[in-house]
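Both chains are given apart, each in its own frame, so use the hints to dock them into the complex.
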Amino acid sequence: MVDFSDKRPNPDDILEDLSSNLENGKGRLEIFFGYAAGVGKTYAMLDDAQEQMKSGVDVLVGYIEQHTRPETIQLLSGLPVLPPKIIEYRNIQLKEFDLDAALKRKPKLILVDELAHTNAPGVRNKKRYQDVEELLNAGIDVFTTVNVQHLESLNDIVENITRISVQETIPDYIFNNADKIKLIDIEPEELLNRFESGKIYRQERTEKALENFFTKENLRLLREIAMRKVANRISYANQNEPHLSPKMANIKLLVCISASPSSTKCIRWTERTAEAFHAPWTAVYVETMESDYFTDLEKQSIRDNLALAERLGAEIVTLNGYDIATVIAEYARLSGITNIVIGKSRNKKTIGNLFKSSLEDQLIEMLASIEIHIIPGNMPRHSTSQYKRRRMRIGKNLYLSWQDAFKTVGLLMIATLFSWGINTLNIGNQNIIMVYILSVQVISRITMGYVYGIAASVLSVLTFNFFFTVPYFTFHSIQKGYPITFFIMLLVALITSALTVRIKTHVRLAVEKEHRTEILYEINKKLLASNDLDGTVMLVNEYMVKVFGRSSILYTQDPVNSLTENFLQSPSDPDASFLLSKDERAVAHWVFMNKKSAGAGSDTLMGAGAFYMPIVSSSKVLGVIGLSCANGKLNQNNRLFLRVIASQVEIALERHVLSNEQRRMTIESEKEKMRSNLLRAISHDLRTPLTGILGASSTILENGINLDDETNKALILNIKEESQWLIRMVENLLSVTRINQEPMNVTKTPEAAEEILAEACSHIHKWFPIRKISVKVPDDLLMVPMEGTLIEQVIINLLENAIKHSPEDSIIKVEAKKLGNNAVFEVSDNGSGISDEEFPNLFEEYVHQKKRSADSSRGMGIGLSICKSIIKAHNGKIDAENKKNGGAVFRFTLPLEESEDNG
Amino acid sequence: MDNKSVILIVEDEEGIANFISAILKANDYKVIKTAKGKEAISMTASYSPDLILLDLGLPDMDGVDVLKTIREWSTIPIVVVSARGYEREKVEALDLGADDYITKPFGTSELLARIRTGIRHSKKYPNENSGDISKTSVGELEIDYNKRLVSISQKAIHLTPIEYKIIVLLSKHIGKVLTHDFIIKEVWGPYTNEIQTLRVNMANIRRKLEENPAEPKYIVTQVGVGYRMVEELEQ
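One line per chain: the protein sequences are B and S, in this order. By the UniProt record's numbering, the letter at position 271 of the first sequence is numbered 271, and the numbering carries on one by one without gaps. By the UniProt record's numbering, the letter at position 38 of the second sequence is numbered 38, and the numbering carries on one by one without gaps.
Source of the hints: derived by calculation from the structure; they are not laboratory data. Where hints are given, some of them may not hold.
[What the hints assert, rightly or not] Derived lysine-lysine pairs resembling BS3-like cross-links, with alpha carbons at most 27 Å apart:
hint, chain 1, residue 1, chain 2, residue 2
1, S, Lys208, B, Lys720
2, S, Lys208, B, Lys766
3, B, Lys720, B, Lys26
4, B, Lys407, B, Lys504
5, S, Lys135, B, Lys776
6, S, Lys217, B, Lys776
[Unchecked claim] Just the calculated beta-carbon pair ranges, DEER-fashion:
hint, chain 1, residue 1, chain 2, residue 2, range
7, S, Arg88, B, Ile700, 52 to 60 Å
8, S, Asp12, B, Thr749, 28 to 36 Å
9, S, Arg88, B, Pro807, 36 to 44 Å
The C-beta atom is built at its ideal place from N, Cα and C for all residues, glycine as well.
Just chain S, with the same shape it has in the complex (with noise of 0.2 Å):
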């Protein structure tokens, strides 16, 4: 047995999924494909891909059914895929469980990071919350979690209480979009409606942070979706 990872591509324009399966198979995955949302849950319950990547306008049934399906009993990552201008379709199924989006058009590199980001997530995931991991680190930015501590090129940065819980929960799903809903769901509890308390709590981390606010390195924003926490820094 090979232990390449295999990648279930639901995807019923013929062309896209073609050249998806063509980058995947070049970059050393198994690729299986299908262009219906039935069939997609069956081949996920019998193959147990290790990622899907699933188009949400799908002939048969809609996207966001055959994600709510899957997840009634399984975490396989689901990587969304989704064109731009229906930003609340794409939070609609992060808030359904999807792992990540991808906007269409994409280019190979953005696909692949995702994939990566997405299956290296699954691996990671089942110990995530034992305390195993005291450090997360991208570039300058180190989060130390024992000490509570945050800190660029070994500088600490003084951060609110909230701004901390904020940053640690971003860091720990770091890579993965983020809704605005989750986000404050977790950091204020439910049924707060704090979207203008969260933006200004963005802006001053971001302040504190990055060089230029306007060009964030570490948290990046996705207009209309969330915030996401890069994993390695862009050249």
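The following block holds chain B by itself, in its conformation from the complex (with noise of 0.2 Å):
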């Protein structure tokens, strides 16, 4: 027996696969994909449409080419078209896809031609592909049209066939996850034929692109490539589609980036790779401490390779270390990298490569068991001694000071004259030459760079010779062996220049790398610290002012409905309120919608002042972060640190969302108990006045006629004040739901105490219309901000509990004063006053019912428990005491003046 338990895909697997296509309601992608222009991919895609708007769906034609064939444009007939969106851009009017229109309208399939397009300047997108991206977010099918040559990872390979550089691209991931792909095939013969008739471009371009790109041998290696995509794919597919194997992790790629320009060529042949093995990979940069001495154009260009490397799906690593050979294999040895991937095109002959060995040798060297491949750099000579020619003239400018100028010739003055005195005293020669080396160690120690350690090693030299050699004041020497002398002087006083050179620049690189990682530790003590989400928010805010030194901007919900504006500006940054307008606004809502970074320096919505990321957890966008960008983009190391960031903001985050969850959790299962213990209270004080209704009222049907007047009268009666009593209750429990919709908070608006007072006595009249009650209020109107009916309420149910615990006659006072910043009411009785065993659980919730007897009680606790409630909804206080002289006396306090948070 063979066991297939293990292979058997897991049913929850799929399930959760399934539910999770559901559940993120994305949209479907459907490629046509060609090998060139012409083969007849919008043809197919219209003819598609076609069938799907027979079979009922609602399709619209986004956008399609202008230069479409006529047979083709037969078939837009009976498609809706979305009218194209018209740029003015340099006075000429750019048609665009119109994504807003599309997003609006939100049609079940939508129809985009051209994916590789790059849109006008001034639209939201930089590329057409991330409209489609929208789209698919939007939960709308998508379908497009793309060549081969517009493949990312395949762009330098048509580049070489073709000798035309293609600059519309779209990262392969989107190719990758497409969930469907439709090669559209016809011979090479068959399309040149169409070329000549003019059907794919119009007349007069025809010529230029048939000399260029449709040759026939041309076309057939592009077929070629085209059919290969799509086969990987789908060999691909059968690999990944019965959740059998796990990912081959077995091999693992690496590839080196530098900012030359022929490292893109790397980066996508790598990428090619590891497609082809199903493998990871990394792209990694070494700053060393030439990284300082860099070029805009040099920076630039890094950015952009790290930045091709990620949309080409690498996970991006940057490394500091003076050594790139050892920095390089220790990473990989640590991160398990089975080949290496680097470019050559450096020129060979500097001196520094006379003495060094090239980095692939000194790889091999150190890592004997990686597999390395070496990309020949194709860059034409000229560009490439350009970039080296204007870094050395560069890296010196930036170093040359006065300052350091004048230590260096006046430490070379001392170590002269210092010399000059062993000279007198006939100490030997040798002495001098150290005490030269000492002097150039030392310049090399307190100046900038290697110009002022070389500078002193030859001056050195040559002060030796003119003070020291014989004949003096001369530059000849001639003792033998001086040149010698001189030449190893000058040697040893390089080399150690060198050396102390390069040691600070580790310690200053180490302290660096030190600091940031202090910084996050800091970041990620002092979050697990803080408890409340503001602490959080203002933390993060200045820990990026900190060690950005930019302005900082941080949502923790949906920007457009964020009220709370967690915005601290950079004392180093210009005015930064900009990033509270409702055009960053929208920047930051865009992002939080569709989970990506986007703005300045960024593909999208690029003119944003400011750079957002979101903060994202499980899928679960939890916030967005933003950088002004003010004083220039951010580059690629910052980007990755602010990542770093995110991802210990993002766990401070979830903790509190979880936390919040908890804490809501509890408040409801609290509510819960309340209203079940309100419950239990209710139903049985309900009990006992129906009983006497149903009594009586059934007494009367019964006997009535035998029942004389007056009983009569008094079983009525009893009918009546038992409904009364019912009502009130009624009443009561129906501001307990008021207060309970939302958890403890109520809409005030300012009432006249008076006022209420009044309404609340002219009830208890009606009720108890033989009760006197005396009601005092200020002579000054007492304006108190409150719920009007909830705090009537309040009043009734203290004047209906001071009247049962008081002798008939007596007079109950009700008064309302003004006291500081509150408003006090007061109720007061002469009646028998709260016995001791009744103040500890006088306002408590309904439980302390169960411990009278069934029948002594009426619901008076639930009246004031209820009055508790209302008042601390309120933000006041409710208390009761006994007078000296009998009775007892219940008093509330409302505040005056809305406190800042109100609930």
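Quick look at the structure:
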């Protein structure tokens, strides 16, 4: 028997897969894929759309290219077409796909031609594929077309074949993640025929296109690449489909990135290889001391390369170190890299290369078991050398300063004077050499860069020659062996100076790294310690400003709905309050909705003044973090660091979400408990009067004639009183439901205290006409913010309580007055007062009822506890005490001024 | 033909409708009943009752819509029946042209008083503004419109122009609840929000008219709705 159990797909997995697909409600992407323009992609797409239309799908033509052939245009008939958006750019009217209109219209299926198209400036997204992604996120199915040369990873291969560089590319993940790929294929001969008859481009463009691109050979090659790409996809899909094998993790590629433009070739090569093996890959950039001398152009190129790698799906790592080979080797060993890809395009004939073995040799030496792939750079020679030259010049310029020059000369002079002293004392020449070497070392230590160390080495040799070798005060040296001395001295000076500089750089880099790690550690610690969301937000903003020196903003909910402004101005930034503007908020909103970074320096909504990054936790966006770019865009390194911080913030926010959830649940369960207690109390309390009513009414009905008038009247009065009691009870219950809907929150409006008192008293008067109530209010009108009907209920309850506990002929006093910032309401009676055992849980929830005998109580416990909830919801206080000369006082206060936190 | 007043009861709870009609019949009114909003409208058109008692919660349509429809062509007094806690609903109904409201649960005397007031007003209404009424008096309070004089027990009371305007407004609709918005619009004009000012003025008036402002006799407050000048003093 063979055991298949472990190979069978887990039904739960499949279900989860299905449900996750349904849950995020993403649209399906179908790509019509061809190897060149004119193979009939658009035609096929429209044909398909017509089919869909016939089967009742809501189809919309989002955008079709203008140079479409007439046969294709015919296929458009009957399909609803979205009018293009006209954009004015440098006095030219450009027609673009109208994304917002499409999102608003929200069809089931939309057709968007030319996936690789680059949008005109001023449109929200830089590339059309980003538009398509938004459509998919909105749950709209998309049909689109793309040619093989537009695939990012194949870009350079196609360029090699056709000698035409294609600027418009789409990232491979779009292609790989598409739900359906349809290869549209015709024979190259057929295609060429179509060409010659001018079906593809308009006549005047055909000539040129034919010459460059559409040769039979090119087309055949392109066709092969396209077919292979699709075949690859199928085989990949086959492997992944049955949920059987875990991802092949035994191969892991690493590509080394430099500022050289040829790096892009390495990146693409690695991507293709990784794709072929279905292996993960990492792009690494080593920051050395040289990085400081890079020109803006080179920095840009590094940024571009890293961005490219990221787009193609690589994991990005930036390392620091002096020696590139050691750093890479270390990293490769630690992270289990099996293959390393490096580009080779450096100039051979430099002094450095004479002494240093090349990177690949070093790597091979250090990593015996790792395969190394070398990709030759095919850069035109002159441009490479231009790169090199400029770096040297600018590198030196950067660190020339008068201060350092002065230090150098000063130290050399001191050394010379000291040596002069040694010389006059007739101590050997060798000591003088040592003095000079010492001075060179000191100079390299206290100056910046190589320049002064080298200058000092040369100068010290010259001064030594001039002052201390026979003949004195000339640059001649007669004694044999001096040239060797000079040479060795120069070498020693050079090497020590180089070493010192290197150590210094190391120290600086180490300190920088240390600093970042420290900050991360600190953030982590503080985030863990912070308990409330506001504190966390403040903390994050503080650190962002501290680390990046930029103004920062953090949204913890959808920015459009966010009312709080969690924004911190950095002292080194110009005024950054623009972060709060509506436009910026809209960008942040987009980020929130699309779970993608956007804003300045990214590909989406580039016009924004800040860079926004979503904080995503298990596919839910918890917040958006924004950094002002008023002082220039963020570099790759900053972005990476921002991402690391974002992941810390994510953990913190997640924690808050969870704890909020838990708190909500606790409150909920408490409320539930209260409700069931209440229910129990009520049903008991209701039974008593209902029994009375039922008894009295049935007595009258059945024996009405036999009873004397007085008894009859007494019974009816009884019914009336019991019903009135029931009504008051129900009013109380209604009040409870009104505060329970929103936990502990009421809508307050200013009400005149006397009006509320008067209304409450008139109610009581109706029910207990014989009782006397004296009401006192201040002479000045007392306006108190409250929910009128609820406070009226409180007063009614207190009055009823007083009536119940005091003799019939006594007077009940009600008073309202102002005391500082509070309004005080008092209800006092001359009754029995409150007994000691009642005191502790006078206002308690309904539980204490059980302690008393079942018949003695008539829901007063409910009345007082309701008073307490109402007053609590008003941020007020309620208490009771016994008067000295008998009777009880119930007193509650309401704040006159609305406090800041309303809840 | 007898000249009994006809009351239309629009109420879907049979128990309540029965008890109301019993009271009304006992007090010499003629009663017609319906439980449906649509029927209420057609019955109003065909019977032209003297007063409509309208419950706002009806099974077939919103009571407020019934009110609106009837008000399009008729000024028959309408008293709205609504529960406590639905103050906004009452204000809406009053602003839409209801003459008065009564809060469930209510007693018989209260109901009869409202109906009396309603019918009396409809009879007075046509010539209300023509100026033939020169005086209104309730208990000790007397308002002389010609002399622009308000007095209590023959003692003149000094009022500011705004206060006088408010008193006149309330007295002209004596017995009826006037909503805050209505008073503000009549006294200060449209597009103003003077609710605080109104309250301060009311407090001042009360201090001038009433013995104890916390136990007003003449002008009573309906919390969350508005003010009413009583027609007859409570004993």
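Violated constraints from the hint list, given by number and in increasing order = 1, 3, 5 and 7
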